[in-house]
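Single-letter residue listing:
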Amino acid sequence: MAEMTMIEAINAALARAMGEDASVVVLGEDVGVNGGVFRATDGLQRRFGSERVIDTPLSEALIGGLCVGMAAVGLKPVGEIQFMGFLYPCIDQLVNHATRLRTRTQGRLSCPMVLRSPFGAGIHAPEHHSESTEAMLAHIPGLRVVIPSTPAKAYGLLLAAIRDPDPVVFLEPTRLYRSLKEDVTDDGRALPLDRAFVVRPGRDVTVITWGAMVREALAAARTLDEHGISVEVVDLATLKPYDEETILASVAKTGRAVVVHEAARTGGFGAEIAALIAEKGLTSLLAPIARTTGYDTIVPLPRLEQHYMPSRERIASTIERIASFS
Amino acid sequence: MAEMTMIEAINAALARAMGEDASVVVLGEDVGVNGGVFRATDGLQRRFGSERVIDTPLSEALIGGLCVGMAAVGLKPVGEIQFMGFLYPCIDQLVNHATRLRTRTQGRLSCPMVLRSPFGAGIHAPEHHSESTEAMLAHIPGLRVVIPSTPAKAYGLLLAAIRDPDPVVFLEPTRLYRSLKEDVTDDGRALPLDRAFVVRPGRDVTVITWGAMVREALAAARTLDEHGISVEVVDLATLKPYDEETILASVAKTGRAVVVHEAARTGGFGAEIAALIAEKGLTSLLAPIARTTGYDTIVPLPRLEQHYMPSRERIASTIERIASFS
Amino acid sequence: MASGDQPAITDWPIVVRLAIERRAYLSPQGDVLAPLPSSASDPKLLIELYRGMVTIRALDVKAVALQRTGRLGTYAVALGQEAVLVGLASAMRGDDVLFPTYRENGALMWRGVTPEELLTYWGGDERGSDFKASRGDFPISIPVGSHAPHAAGAAYAFKLRGEDRVAVCVLGDGAMSKGDVHEAINFTAIHRLPLVFVVSNNRWAISVPERLQSATPTLAQKALAMGVRAWQVDGNDVIAVRASMIEAVARARAGEGASCIEALTYRLGDHTTADDARRYRSDEEVQAAWKNEPIARLRRYLVDTGVWTKLQEEQLLAEVQARMDLAAEHYLALAPRAPASMFGHLYKTLPAAYQAQRRELEEAGGG
Amino acid sequence: MASGDQPAITDWPIVVRLAIERRAYLSPQGDVLAPLPSSASDPKLLIELYRGMVTIRALDVKAVALQRTGRLGTYAVALGQEAVLVGLASAMRGDDVLFPTYRENGALMWRGVTPEELLTYWGGDERGSDFKASRGDFPISIPVGSHAPHAAGAAYAFKLRGEDRVAVCVLGDGAMSKGDVHEAINFTAIHRLPLVFVVSNNRWAISVPERLQSATPTLAQKALAMGVRAWQVDGNDVIAVRASMIEAVARARAGEGASCIEALTYRLGDHTTADDARRYRSDEEVQAAWKNEPIARLRRYLVDTGVWTKLQEEQLLAEVQARMDLAAEHYLALAPRAPASMFGHLYKTLPAAYQAQRRELEEAGGG
Ligand SMILES: Cc1ncc(C[n+]2csc(CCOP(=O)(O)OP(=O)(O)O)c2C)c(N)n1
Ligand SMILES: Cc1ncc(C[n+]2csc(CCOP(=O)(O)OP(=O)(O)O)c2C)c(N)n1
Ligand SMILES: [Mg+2]
Ligand SMILES: [Mg+2]
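Protein chains in written order, with this note's numbering: chain A, 1 to 326; chain B, 1 to 326; chain C, 1 to 367; chain D, 1 to 367.
Keep in mind that a hint or two might mislead.
[What the hints assert, rightly or not] Here are the computed lysine-lysine pairs in the DSS-like style, where the Cα-Cα straight-line distance is at most 30 Å:
| id | chain 1 | residue 1 | chain 2 | residue 2 |
| --- | --- | --- | --- | --- |
| 1 | C | Lys291 | C | Lys310 |
| 2 | D | Lys291 | D | Lys310 |
| 3 | D | Lys291 | D | Lys44 |
| 4 | C | Lys291 | C | Lys44 |
| 5 | C | Lys310 | A | Lys280 |
| 6 | D | Lys44 | D | Lys310 |
| 7 | D | Lys132 | D | Lys348 |
| 8 | B | Lys280 | D | Lys44 |
| 9 | A | Lys253 | B | Lys181 |
| 10 | A | Lys280 | B | Lys280 |
| 11 | C | Lys348 | C | Lys159 |
| 12 | C | Lys132 | C | Lys348 |
| 13 | B | Lys253 | A | Lys280 |
| 14 | C | Lys348 | C | Lys44 |
| 15 | D | Lys44 | D | Lys159 |
Don't read these hints as lab results, they were simulated from the structure.
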């Protein structure tokens, strides 16, 4: 067991997966000698060779498509897109091929690939380096979309993603890469996909969130504790397919729900969670379902980005409003 | 005034826009001599010349990007993507440029472009010709996403889209292209964007839908009338930004809401509508908010596609369930 | 224009020179233009190639007949391009992997995919792509060019694992305008992958003619400029296509890298059954192109060299006709599937989240 | 390898020949290699070019100093590539349109964009791209290569409207691997658009060296193979870059079509301030590249030809230093904006649907 940052945990999971399965390969821009711009793949090329840790040309559509071809003939490719803002040219491959190969061939071919990408704002980066458009991906049938919120989750979920027999997009909250540490046991144990985690039990309001917002929601919850509001925080972790039961059970208990995400509000994945509750949990609701999210604007350049992302204060004030609704 | 199919109405709107504004150009694959594979651009090249009606090479990312460049220097490009299944390579241009140019330059440059594409299932076409992934687009800040449900709406909304000073994606339900006719006056009158249309007033249940599903919802409503259930049908028409007020006013009246779309359920745009109601209309709700949608599967090849699309029967049975909920 | 569109000044040192050659063995009249390659020396084999082309044409005729009578979906014939399909498929080994488009039905058929399967696919049923033979081949890819990166990925895997398998990726002239194709060719060149790109240049991408697709006199030069060996071949000369393919496949298998063969041919039919080519091209052009078509050409050569008779021809036609009739019969007799089968291969194991949806579908009468 | 990777057999007719030439006027030592072009005959102008390059380097130094002290965001210096920037910008007309990347700050500056604006942009404030001069230029594009189709679209508009304006699109060596770039070059060739692509080949794309980016000895050949006139130029020789640009721009303006100039240079600095190039390349390589850098080269020539003195040099350095100090001062004094300004230019008119969100933000203290 060792204290790790999220980036170290990801690195450990990749190394573990490559060590235990020779069919795992890593590919992307700068993943080789440089170890990735965030060092997620640090040391992998030295250890596993440049044939298994491939510096691709600057071609995102290619990265997506190479993964499909590799996966279909028996490799387990883990592609890296340097920032989510550069992932869009891959969407074609995800929608039109990766997620369909199994259905199209009725199981004759399949596509066990992982596409990793850092995402989210909060690191004062240039334009396009602060995207969080996970909702676009979580709408794609046949895909899994996984988002860790801590180093240990990153480790366990990434291993699960790599071992999964179907395509997975794995989105890593950039602002968590180095800003929190946690004990992680590098024992090759995966965490379940398709499962949400109740990371804080509470009685009055359920907050459903994921990625970097889990920490913010927990902070808001702690503050509200002092005001006598008991907040349950659910880390969704896997957005697609997501764990309806954990959400519904929590809301059945609290009767109040707030969904928090960093992405723009309209059509964000928070809408899906709210829609689920409004369909299957409506009768237990004591208050409207609130969404605290990024705005429906372009993510501003660093000067204003902190005003874009949901802050602990905004989250807390929404929870308070919902808690006191009657 | 003349009876027109939707494809004729679109053709008339394009011709009108090109006739009245020399900066309007049309570009895409096969839009020239061939008049588009559905004939939306039929006769335009003959009338306006091959410089304004441009047969592009087979390059969808290019079509999106050309529109951005043209629009920024003063043209009003109307790009055509032959089927929505081939639109994904354009998403990069939509997210990263078209919708950002105005914000990025603080209004110095802008991007008045339209990207048209047929979409949806129901025409027994090969794979990738039956997509409806409008939710992916409607999540993009700075975009407008417009979907007509009849020939007259197609005419008026397309004119509005072309005249709009910002980027618009205009999605045309393929199965409506020729299957319904309507009187359309080719007088250059646009319909308002950002507005939903109550296409059938009713008392008991509100159905919110768009595109090809409007007709299905209306058919279901007529059937239910006979069973004494009065259904109000709202044609959302513009998904982004959408008209909250019309939806909320209707649900305030009926107390019951069903959202219908052809796209896959999870993260579909129906989730957004349900979330809106669950947030701002919850107190008037008398029943859960139901979604009747395509399944979270790959759209099947033609043999099974009719089982994928929400049928009048499925819609009616959902409405009935919600109407009788107590 | 264009290719000659180089700087006029030539005093500067030249750092790269590139050239594209064109290969052909049989003239449109079936006359020998160059000494035939050894791969064409066995008349039995030539007859096999001929039979392959005739079979493809028969499949197309049957498919169109079914489509016209409402019993098949949209279908793309390969009329006039049969030599490309047979030429490329006949040079591949069973465990090589083909990456076909909608126009390569015939190449798949050569590799063992049955006409029944092909009709099932075009009839709108996924079971048609669950090939019972040639199980490693990719299914038909509809989004133009998007399968090129797949071929590169597969070829990379072959190389990584030290397998001597070759990936063969077929592209249209239109596909050569797609960015992903260029990205794939570039990667292929960098890693000298065991891959053969076959550009089936049939001069049209639906209604878009070559001159609006590219400013250049060849498409092969684009691959060559990426660092991939490339040349043109008469795509209506099955001997030439096959010889080029044999060379390219051997090279790939030997670890010497990729090739790109631009096969010059012509789409004699409509783009698909949903298209009407008379809207955008002249009858004269099509009539002229018929003079070059590959089947008559090889037949003339076979007849001229005395290895093919009228009787054999009649027998062959009857035989393939019967085969296609039978295929159609089998296809039409195929039992429908339960609608809920659309969930059957969505994931390896259907997640709990979607089991309820499957039940919903079953209850909606889609059991 | 690769480029020589052509079929060995040469009996077949050759249908296309392509060649790439390389141009240079000044050696790294500032010696004249070829008769200087008329565009370099006026020493005053050469001094202007020199001044331009020195100014860019001063901007970069200032920006990095601000970044290192936490007062600027990530920044990309153009160290070693100044000749490309000045060479290309100095050949453009005011109403031509530049399509820059993050590395073309210096080219924008030559065209009238102020160092204040550039610092404001890199300081994380959108106002920096609301250029007060050169208002038609595109803002800096971060997604590599994605601006190439924009340049093609703009050039198409110029041609359609009969304007004699030219679009200039700058691309890195990495960008030449992007599919959208190829799609754009192809379209440009087909329509003979008034466009100049400048490939600033600095040998690295972050940590990826040219050999992993391309299998070919030049990048220009890829554009040439698409049907665009293309050649290489010594990108550290501002006279050569400028002469090539003048030729290409004139050609474009005269309706003779596009060109692609591959400028061979070297990225002497880190990729950006967020990068540490020592992780992936040797000191020796960088030291060797310093011998070719463009500023010393032109200075040597100017000094050798007696038009530049030590005193002038000192004055210039002091002057640009003062200019950058002032720019930093202005930049740091810039009043912050209201957070709600993020809604200000989202649409021409903010739709009703988002007015409530703006209010929400204002109430959250973001007024
Ligand atoms: C990415 C993409 N865009 C558009 C289409 C629609 N489409 C189908 S075939 C075709 C033309 C393809 O031309 P070419 O590559 O020359 O192949 P051919 O059909 O001539 O064999 C087009 C535009 C498609 N299938 N995929
Ligand atoms: C589409 C895209 N992918 C990845 C990145 C991240 N990135 C920024 S610069 C860069 C390398 C660019 O190399 P090159 O084109 O040679 O330009 P240079 O930085 O050397 O000037 C990369 C990978 C990006 N900005 N855009
Ligand atoms: Mg073609
Ligand atoms: Mg570079």
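A quick look at each hint next to the structure:
For the hint linking C/Lys291 to C/Lys310, the alpha-carbon distance of about 20 Å falls within 30 Å, and the restraint holds. The suggested pairing of D/Lys291 with D/Lys310 holds, with an alpha-carbon distance near 20 Å, which does not exceed 30 Å. For a cut-off of 30 Å, the pair hint linking D/Lys291 to D/Lys44 stands: about 25 Å separates their Cα positions. Pair hint C/Lys291 plus C/Lys44 holds up; C-alpha atoms about 25 Å apart against a cutoff of 30 Å.
Taking the CA atoms of C/Lys310 and A/Lys280, the gap is near 73 Å; set against the 30 Å cutoff, the hint is violated. With a CA separation close to 16 Å, the supplied pair D/Lys44 and D/Lys310 stays within the 30 Å bound. For the given pair, D/Lys132 sits about 20 Å from D/Lys348 by alpha-carbon distance, which is consistent with the 30 Å threshold. Between B/Lys280 and D/Lys44, the direct Cα distance comes to roughly 69 Å. Violation of the 30 Å bound is thereby established for this hinted pair.
For the proposed pair A/Lys253 and B/Lys181, the alpha carbon gap of about 52 Å is over 30 Å, so the pair is violated. Taking the CA atoms of A/Lys280 and B/Lys280, the gap is about 18 Å. The hint holds against a cut of 30 Å. As the CA atoms of C/Lys348 and C/Lys159 are separated by approximately 27 Å, the hinted pair is consistent with the 30 Å bound. Distance restraint check for C/Lys132 and C/Lys348: the Cα-Cα separation of roughly 20 Å lies within the 30 Å cut-off, and the hinted pair is therefore satisfied.
Among the hinted pairs, B/Lys253 with A/Lys280 is consistent with the structure: their alpha-carbon atoms are about 22 Å apart, no more than 30 Å. With a C-alpha separation of about 45 Å, the suggested pair C/Lys348 and C/Lys44 falls outside the 30 Å cut-off, and the hint is violated. With a C-alpha separation of about 34 Å, the suggested pair D/Lys44 and D/Lys159 falls outside the 30 Å cut-off, and the hint is violated.
Checked against the numbered hints given earlier, this structure breaks hints 5, 8, 9, 14, 15; the rest are met.
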